Each structure stands twice: as C-alpha cells, then as structure tokens.
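Student: Chain order of the listed sequences is U and P. Note that this note's numbering has the first sequence beginning at 114, numbered continuously upward. Note that this note's numbering has the second sequence beginning at 114, numbered continuously upward.
The hints are simulated quantities; they were obtained by calculation from the structure and are not laboratory data. Mixed in with the good hints there might be a few duds.
Each pair may be met inside one copy or between any two copies, as identical chains are not told apart.
[Claimed, not checked] EDC-like mimics (lysine to aspartate or glutamate), calculated; alpha carbons at most 20 Å apart, straight line:
{"no.": "1", "residue 1": "Lys133", "residue 2": "Glu190"}
{"no.": "2", "residue 1": "Lys191", "residue 2": "Glu223"}
{"no.": "3", "residue 1": "Lys191", "residue 2": "Asp259"}
{"no.": "4", "residue 1": "Lys324", "residue 2": "Glu165"}
{"no.": "5", "residue 1": "Lys187", "residue 2": "Asp295"}
Please read all numbers here as calculations on a predicted model, not as lab measurements.
Number of protein chains: 2
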Amino acid sequence: MTRVKVFTNILKANDSIAQKNRDIFNKNRVYAINLMSSPGSGKTSLLERTIESLKDELKIAVVEGDLQTDKDAKRIEKYNIPVVQINTKGACHLDSKMVDRVLGFFNFQEINLLVIENVGNLVCPASFDLGEDDRVIMVSIPEGDDKPIKYPVMFRKAKVVLINKVDLLDYTNFNMAGIKKDALSINPHLKIFEISCQAGEGLEDWFDWLKEQVRKKRDED
Amino acid sequence: MTRVKVFTNILKANDSIAQKNRDIFNKNRVYAINLMSSPGSGKTSLLERTIESLKDELKIAVVEGDLQTDKDAKRIEKYNIPVVQINTKGACHLDSKMVDRVLGFFNFQEINLLVIENVGNLVCPASFDLGEDDRVIMVSIPEGDDKPIKYPVMFRKAKVVLINKVDLLDYTNFNMAGIKKDALSINPHLKIFEISCQAGEGLEDWFDWLKEQVRKKRDED
Chain U
114 MTRVKVFTNI LKANDSIAQK NRDIFNKNRV YAINLMSSPG SGKTSLLERT IESLKDELKI
174 AVVEGDLQTD KDAKRIEKYN IPVVQINTKG ACHLDSKMVD RVLGFFNFQE INLLVIENVG
234 NLVCPASFDL GEDDRVIMVS IPEGDDKPIK YPVMFRKAKV VLINKVDLLD YTNFNMAGIK
294 KDALSINPHL KIFEISCQAG EGLEDWFDWL KEQVRKKRDE D
Chain P
114 MTRVKVFTNI LKANDSIAQK NRDIFNKNRV YAINLMSSPG SGKTSLLERT IESLKDELKI
174 AVVEGDLQTD KDAKRIEKYN IPVVQINTKG ACHLDSKMVD RVLGFFNFQE INLLVIENVG
234 NLVCPASFDL GEDDRVIMVS IPEGDDKPIK YPVMFRKAKV VLINKVDLLD YTNFNMAGIK
294 KDALSINPHL KIFEISCQAG EGLEDWFDWL KEQVRKKRDE D
C-alpha cells in the first residue's frame with residue numbers, strides 16, 4: 114500500500130515537470146517523440162537510418178537514455194547532430210526531470226524534431242510522461258507476437274508501433290496479422306509500420322509520417 | 114534523494130523475505146532458479162523444452178511471473194507439472210513477497226527443481242533477490258551483442274547465461290566471441306551456453322548442467 118502511494122506521488126511530480134517540458138517543445142514548435150522498446154529491438158538502428166535519410170530535410174536532435182554506458186549516444190554522435198546522453202545510473206526508465214535537466218543543452222531554434230530514446234524496457238517507461246508529443250513503440254519479429262497482450266499499457270498510450278526486423282520473418286513463427294489485431298484491439302488509433310532497419314525495408318512510410326508530424330507541429334496555431 | 118532511500122528500504126524488506134524463501138528451498142532440498150531476460154528472448158520456450166526433456170528425471174515446478182496475462186502459465190500447464198501464476202498487476206519485476214505468497218501452493222516433497230520465470234525485463238528484476246539458488250539470464254541473438262555492457266548488474270549476479278536463437282546467427286551481425294568476452298569480464302564465473310529452443314540446438318549441455326545442480330542440492334549436507 115505504501116509503495117503504491119509513493120509511486121502515485123512520484124508520478125504526480127513527474128507529470129508537472131513533463132508539462133513544463135511540453136511547454137518548451139510547443140513554444141519552439143519542436144515535435145518530440147518518446148521512443149520505447151525492449152532491449153535490442155533496434156531503437157538506435159532506427160535513429161541511425163532516420164538521421165541518415167532525413168538530416169538534410171529535418172533539424173533533428175536526440176536524447177539518449179541509457180543505464181550506464183554512452184554506447185548509443187556514440188553511435189548517433191557521428192552524424193553531427195545535437196545529441197545529449199542521459200545516464201540513468203541504474204534507473205529503468207527516463208523521467209521528466211531527467212529530460213528537463215538536459216533541455217538547456219539544446220538550441221531549439223535549430224531543431225524541429227527531438228527524439229528521446231528511452232531505456233530498453235517495455236514496462237516502466239510507459240508510466241512516465243516526458244512531455245513528448247507522441248510515443249513510438251518498437252517491437253521486433255524475433256521477440257514474438259505476444260507483446261501487445263503482455264504489455265498493454267505501453268500500447269494503449271502509443272501513437273505508432275514499428276514492427277522491426279521483418280527480414281527475419283521467414284525464420285520465425287511470428288503472426289503478423291495476429292499482432293496487428295491485438296495491438297489495434299488495445300488501441301484502434303495506432304499507426305503500424307513494418308520495417309527492417311538492417312535491410313532498409315519499409316522505412317519510407319515511416320519517414321513520410323515523421324515529416325508530416327514535424328510539418329504539422331511547425332504550422333500549428 | 115528521497116527515492117533512493119525508499120528504494121533502499123524496499124530492498125531491505127525484500128532481502129529478509131527472500132531469506133525466508135531460501136530457507137524453505139534449502140529445508141526441502143529444492144534447487145531454485147530465477148530465470149530472467151528481455152521480453153521475447155525465449156524464457157517460456159526454454160521451459161517448454163526443458164520440461165519435455167527432463168520431466169521424467171526431475172520433479173519440476175514453475176512459478177510464472179507476468180504483468181497481467183496467464184499466457185505463459187497456460188503454455189506450461191499442458192505438461193501436467195505444478196505451475197503457479199503470479200500476476201504482478203503492472204509491476205515490472207517479481208519480488209520475494211510475491212513469491213512467498215505462492216509457495217504454499219506447492220508440495221515441496223514432490224519437487225526438486227523450481228524455476229521462477231521473472232517478468233521480461235533486463236533492469237529491475239536484477240535488484241530483487243527471490244531466495245533462488247542461482248540466477249539464469251537469457252539473451253537472444255537478434256537482441257544484439259551489447260547486453261552485458263549495457264546491463265552489467267544483471268550479469269554480475271548471474272550464474273548462467275543462455276544465448277538463445279543461435280539458429281538466427283547467420284542473419285545478423287552478432288559477435289559471439291565479443292559478447293562472451295564482455296560477459297566474462299563482468300563476471301568471470303559465468304557459465305555460458307549457446308542454444309536454440311526453436312531448433313533444439315545445444316540444449317543437452319544445459320540439461321546436464323541443470324541435472325547436476327539438482328543432484329548437488331539433493332546431496333548437500
């Protein structure tokens with residue numbers, strides 16, 4: 114009982130700082146996404162592909178959440194875009210305060226897309242609003258098709274599901290129609306993309322969708 | 114600061130109940146493992162293969178930790194062994210109290226191996242002793258070879274690492290020598306098995322190791 118109350122208070126504090134972050138994103142017309150998945154689904158690879166293709170069209174910046182290494186941040190740094198590493202020191206998710214602390218490192222005049230790559234975890238990050246416009250979840254073929262049923266909170270609050278590693282589809286018993294049906298039964302508004310970051314498949318639709326969101330945010334009243 | 118203290122108190126309470134669970138396992142000479150991995154690495158498939166092969170030699174029972182479904186428990190139930198489902202109601206890990214609450218459902222006279230399948234998560238479960246004899250971590254090829262470096266706590270406290278889905282090795286750029294080197298640099302005592310639950314590869318060594326542990330526990334003074 115005590116733990117539940119502690120958690121409720123933590124979430125309330127988190128929400129108020131998330132709103133502060135959101136105000137900053139809105140004021141600067143920066144479209145912000147919170148990118149979440151299991152460890153090893155391919156979040157950083159998605160970022161690499163996305164930056165490679167869109168860095169001349171969009172002004173992209175990245176926040177990298179990680180338990181203790183800067184491996185992922187180093188993978189992004191080579192593209193010469195603004196990237197800030199948050200080391201959670203063992204915490205299993207980002208919270209809005211961690212993000213708040215690093216926003217000062219960015220020049221938001223020079224950014225229109227901010228991607229916050231969360232810690233690899235399908236559970237805890239779902240509870241913590243970071244102030245993002247939208248949540249993007251990635252699942253990958255080898256993880257199996259039962260993720261929406263087993264982690265419904267994550268899917269309920271998301272805007273997009275990226276199903277990665279479709280190049281491995283033939284080597285598994287993954288049920289693509291099944292996972293889509295399950296995900297949409299939890300959240301009928303989900304946009305679902307089938308992609309392979311390694312093989313470069315299906316990414317154009319994701320790029321187009323992303324550009325559309327950035328444009329909408331820029332032009333909104 | 115406050116959060117850290119709360120967490121420390123929670124862990125202290127957890128450790129004392131874990132010791133109570135451990136006493137029960139020891140008194141009954143039951144070898145207990147805490148099986149952990151990311152979502153979708155193949156923990157339940159490993160259990161299926163292990164039960165199929167060893168159920169006549171060992172007296173196996175299973176505790177299934179899950180956020181909210183009983184999908185995994187149902188997969189185990191069909192083998193007619195004792196299985197109890199713990200529904201964590203959203204909590205991202207098992208704790209010793211959750212396990213304590215279900216131990217009464219088992220007849221330990223009829224069990225010599227208890228496998229506790231934790232919630233799919235490479236972070237939080239690492240902090241919570243359940244009273245197990247040993248921790249077994251599973252990682253799988255498509256998740257990538259960077260898991261030891263990114264989740265060192267998990268590896269530091271483990272006895273065994275199972276590298277699953279080796280049948281997918283040819284379709285990825287997974288560095289097998291690299292992950293082993295990284296894992297052993299964190300924990301030189303790790304026992305590492307390369308397996309494929311789907312293709313049935315490499316499982317004999319795991320079975321032999323498991324039987325040896327059960328035998329040791331039975332024969333210990």
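Student: Provide an ascending list of the numbers of those earlier hints which the structure does not satisfy.
Tutor: 1
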